[in-house]
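S.K.: Next come the chains, spelled out residue by residue.
There are 2 protein chains.
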Amino acid sequence: MKKKSSEDIVLEIKDKSELMVDLAYSSILYDNKIIAKEVYDLEDFIDNLFQIIQKDTLEDVKKGKLSIDSALTLMRLAQAGEEISDAAQEIADVELRDVELHPILKLSIRESDEVFTRIQVDEKSILCGKTLGNLKLSSETGMMIIAMRHKNRWLYGPNKNTRIDQDDILFAKGPEDGEKHLIELANGTSNEI
Amino acid sequence: MKKKSSEDIVLEIKDKSELMVDLAYSSILYDNKIIAKEVYDLEDFIDNLFQIIQKDTLEDVKKGKLSIDSALTLMRLAQAGEEISDAAQEIADVELRDVELHPILKLSIRESDEVFTRIQVDEKSILCGKTLGNLKLSSETGMMIIAMRHKNRWLYGPNKNTRIDQDDILFAKGPEDGEKHLIELANGTSNEI
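Top line first, the protein sequences correspond to chains F and S.
Under our numbering, residues 450 to 642 are what the first sequence spells out, in order.
Under our numbering, residues 450 to 642 are what the second sequence spells out, in order.
Honestly, the hints are just simulated from the structure, not real lab data.
Take every hint as true, because none was put in to throw you off.
Heads up, the list lumps identical chains together, so a pair's fine if it works in one copy or across two of them.
Once the Cα atoms are required to be at most 16 angstroms apart in a straight line, the calculated EDC-like pairs of lysine to aspartate or glutamate come out as:
| no. | residue 1 | residue 2 |
| --- | --- | --- |
| 1 | Lys629 | Glu641 |
| 2 | Lys555 | Glu461 |
| 3 | Lys504 | Asp457 |
| 4 | Lys555 | Asp518 |
| 5 | Lys609 | Glu625 |
| 6 | Lys504 | Glu456 |
With the hints as extra help, turn the sequences into a complete structure.
M.R.: Next up, the structure:
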C-alpha cells in the first residue's frame, strides 16, 4: 500500500474530526449510544493519525524534504483537527454519561443553523436501490448524510458508492428546507430530486 | 433586552464555533487576513459567552432552578464549542503567521468532503437583488454562504435577510456538484435555481 502523504493525513483528520462533531450532536439528539461509541473509536483513530503525521513531519524535516515553516503548518492544522475531535468526544460523552438531554436544549440544538434529522426510507421511496453518487442528495437537497443504518450494520460518513435501501435509517444534517425535501423523498411522497 | 437563556447561549456557541472553523479554512485557502482576523474576534466573543454561561449556570444551580446533571451538560457542551473555536483560531493563525500554504496542501484542503469556494457575482446573475431567504441556496445547491464581501463591508455567517448584489464576493462551502451550480448562477450562465 502506498504510504499516505502528510497532506492526505491532514485532510483525513480535518474531514473525520468534523464528521465526529456532527455524529456527536446526532448521538445526543437521538439518544443513540451506538453513534456516541463510534465517536470514541474515531477519536482513537485520529490520535493515531496525529502520531503518524508528527513522526513523518519530523523525519521529512530531518531529511531536508520539508521546510520548517511547512512542517509547522502541517503540524498546526493536524493539531487543530485533533482538538476538534477531542471536543466531539466530550459531546458524545454527554450521551454516554446517560443523562437525558433537557427537551429545550434538544430542540435548541436541532434548530441550529443546520438541522439534524433522522429518517427511515420507505419501500415506496425513489431513494431505494440508488447510490449517494447517483442521487447527489447534498447538492440537490442540501442534506449531507452523516451516518446510516442498514439492517444491523452501521455506516459512518458514507461515500458516493454507498447504496440506500428500503428501511435504511439515514442520519443527516443540512438546512431546514432541505430536511423537508429529504423527508418527502424518503417517505415516498415526492419523487422530485 | 430579554436575557438569553443558557440553551440559546449553548446554541450560539455551537453555531459560531463551527462557522469559525469554516472561516478559518477559507482564510488560509484564499490567503485572506481579513477573514482570519474575524476568526480572532469571534474567539473573543465566544470566550465571553462561555464566561456568561458558566456564571448563569452556577447561579441557576444555587437557586435550585437547574439540576446538577443539566448544569454539567450545559457546561460540557459550551466547553466543547469553546474548544472548537480555539482550534479554529489556531487554523486562522496559520494565515496570520504569513506562511504561504503549500500548493499541494491547499489543493488537498479545498477538495475535502465539502469544498470551499470563492465567487464574484456578475451583473447578469439571477442572484442579484435577492435575499438568501428567497434564494434558498443551501437547500437548492447544497452550498452554504459562510461570508460575503459587499463593496468594502464584510459579512460573516449571513442570514436569510442578507441580500446579494452585483459584484459581491461570496465565500461558500458545500458539495462539489453544488459548487458548479453556484458558480453558474453567480456568473450568469444559469438561471435555474
